[in-house]
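Chains as they are written, first to last, in the working numbering: chain A, 16 to 155; chain B, 79 to 572; chain C, 395 to 506.
The reader is advised that the hints may include incorrect statements.
[What the hints assert, rightly or not] Keeping only pairs whose Cα atoms sit at most 27 angstroms apart, straight-line, the calculated DSS-like set for lysine-lysine is:
(1) Lys417/C <-> Lys231/B
(2) Lys375/B <-> Lys239/B
(3) Lys490/C <-> Lys84/A
(4) Lys444/C <-> Lys239/B
(5) Lys375/B <-> Lys522/B
[Unchecked claim] To list a few chain A residues with every Cβ distance to chain B over 12 angstroms, as calculated:
(6) Phe32
(7) Asp82
(8) Gly98
(9) Gln111
(10) Ile148
Source of the hints: derived by calculation from the structure; they are not laboratory data. From a predicted model like this one, the values you see are computed outputs, not experimental measurements. For glycine and all other residues, C-beta sits at the position ideal for the given N, C-alpha and C.
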Amino acid sequence: MKINDVILQTVTKIVVFIILTFGVELFLSGHYNPGGGFIGGLVLSSAFVLLYLVFDIETVHKGIPFDFKKVAAFGVLLAVGTGLGSVLFGASFLTQTASHFNLPVFGATELSTVMLFEAGVALTVVGVVVTIILSISEDV
Amino acid sequence: MNNILVMPMIIPLLTGVLLVFIRSYVLIQRVFSLVSIAVTVAVSVTILNLIQSDGILRLDFGGWLPPYGISFVADSFSMLLVLTTAIVTGILLIYAFSSIGRAHENMFFYPFVFFLIAGVNGSFLTGDLFNLFVCFEVMLLSSYVLITLGGRKVQLVESIKYISINVLSSWFFLVGIAYLYGTVGTLNMAHLSVRIAEVGQGPLLTVISIIFLIVFSLKSGLLLYFWLPGSYSAPPTVVAALFGALLTKVGIYAMFRVFTLIFYHEPGVTHLIIGIMAAITMIGGSIGAIAYNDIRKIVSYNVVIAVGFILVGLAVSTEVAIQGSIYYLIHDMIIKALLFVIAGTMIYLTGTARIQNMSGLIRNYPLLGWLFFITMLSLAGIPPLSGFIGKVYVGQGAIEAGAFVLLAIAFLSSIFVLYSLLRIFLNCFWGETIINEDDDVPLKKGMLIPMVLFGILTIALGVGAEGLAPYVSDAARTLMNPEIYIDAVLNSDS
Amino acid sequence: METIITILVGVLVTVAVYLLLSKSLVRVILGTAILSHAVHLLLMTMGGLKKGAVPLLGENAESYTDALPQALILTAIVISFAVTSFLLVLAYRTYKETGSDNLATLRGFKDE
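My request is simple: use the sequences and hints to build the entire structure.
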């Protein structure tokens, strides 16, 4: 059964980008303001879930050829990896650091290792949520 | 700062994650998981010896000092359990190689075993009550996956009960944490102990401690074991063995930690209740163990009896009794894994789980028969096997404390253990053989080797208890004197 | 405020227990979800409802609200999210496998 939802599909094509941008915004603001990896990841994954709902699984899979289980695993790896990174520098496990850089385009920017950790969290959330939705919807 | 402390949790976690990426390469998965377990064992031994020379170790995550940050604390008790967990898992993995089947190996079986181990080790090492909850959940979520993996009907149905019960007990855990935080305003275990010693353990705090008692008895199967036999007989042998050997022990560990470190001021209430619960558990377990003809059920009820027995040590709470409990805890992790594996192998060989349908197995599989015999003696507590020393110390402690009723029930339950297993032995291994030479299912070497390894371990633990003694007595001393633990967590700068 | 929230927690627990005791699997799962919401509210109430400013850097306030309960709740929410979604998938699989979501008919399999 193929449903042709022209309106939904057209709207989705635009809305997905708005959701994705909002997700990234939430993710980046997470250091000193409300936001962060978990919430950002949830918003990002809602964009993917919307795509899967509107277009069918095969179409989306052609566009985003990831195994989302591996995305989740990679996220955990990144998060734990930043924790272990501090061990290499002789600090306690999960120690985070931050400092200011002058980047060419962005100007004075604060970069911190916590962002890598949060990126891991976000990837894990995206991977897990999409996997859950896919495994429920698999054979409908 | 002792970053090595986090390794028993991080190595399994990283291994599990990396194994996800190589799910289709079974051979690499096997080698990789064995290597990782070997490293975990080595790290655990190192930490255990470090504790003997430097005292209790502490690691503050991210350099946030306790009681504000999350910390891992390792004393002899927790490290002994971490070490045993790693060894038992390693041997069970060898059994899994030949028994679990290709479909499981491709469906993330090994990663989830490692996530389970990460959760178990994290629970043993954490020094923070909320972190204990998180590690419990890591362990439980992995166990949910492992119990359903394969998706047979009975697994699905049993896992619904298992998960519902555990969701409920997690809920009680959170309620307990909420009330405790509202009352004393901290969740670090050492800090909790100090605060409660300051204000005194009034009726309110005692009630909160009972909530924790409910939580941990649901997890460990103390009195609230009604869910256990069903859930532990549904999954494949290896998974059942992992659960039987490790999961209930985490609940027991938490109970020991909480009732010796935090809520130790009102033994007349809390420890009395634990004693009564232990007694009823042993009686109920004994009745269950002799009532069923399904070998998996009998074995599961044996887990229940052991839980009751170990907690006799906590109920009487003398140093000798606690030593006995620790010996018995280590022994039980090894021997329950062996018992579950043997039971699973018997089912694999005969294709039935009912003991009246098996007969004369010792003729076809002599080594299996003798291994079962050793297991039986070890569980009954015959010297020089590993169960003996634990039973002696628990008994001695109970006599010191004058808990004669508890002592009588504990030793009577040993006789019931012996009887229930003797019934299996007489029915299944003796008698006329029912398997003729032609359709004799060969016993794979890969199944036999791990069983022999467990057999060697139980003998070695019994004969070499002397070598383990300094560690165990240090562990018991730390448990009986909370100030050692508190001092290491709050006052030392590491 | 604390009293009202505590009563709300009680109401939620009542609803959840009612749902948990029903025979339909989906209701049981909804029950566990509501149960966990109740305990999250309880955690927040026990930590003390809004006592001061938001615990963020740059808010120059006299006192700050305790941030720890929020952290605990966030963790607990993540965990209950994972467990609930796992239960939903499991219920779906069980329904496909047995054709029933009634817990009374899902009891006891003598074979296997």
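Claimed clearance of chain B by Phe32/A, with the beta carbon kept past 12 angstroms
holds (30 angstroms)
Next pair to validate is Lys417/C with Lys231/B; report whether the Cα-Cα distance is within 27 angstroms.
holds (18 angstroms)
Taking the closest pair, is the beta carbon of Gly98/A still more than 12 angstroms from chain B?
violated (8 angstroms)
Decide, holds or violated, for the assertion that all CB atoms of chain B are farther than 12 angstroms from the CB of Asp82/A.
violated (9 angstroms)
Lys375/B paired with Lys239/B [C-alpha distance capped at 27 angstroms]
holds (16 angstroms)
Within 27 angstroms, alpha carbon to alpha carbon, are Lys375/B and Lys522/B?
holds (25 angstroms)
Regarding the pair Lys490/C and Lys84/A, is the alpha-carbon distance no greater than 27 angstroms?
holds (23 angstroms)
Chain B versus Gln111/A - minimum CB to CB distance exceeding 12 angstroms, so not interface
The claim breaks: Gln111/A does not keep its Cβ more than 12 angstroms from every Cβ of chain B (closest is about 6 angstroms).
Outside-interface status for Ile148/A - nearest CB in chain B farther than 12 angstroms:
Non-interface label on Ile148/A holds, nearest chain B Cβ at 17 angstroms vs cutoff 12 angstroms.
Would you check the hint for Lys444/C and Lys239/B, treating anything up to 27 angstroms between C-alpha atoms as holding?
violated (39 angstroms)
Of the numbered hints stated above, those contradicted by the structure are hints 4, 7, 8 and 9, listed in ascending order.
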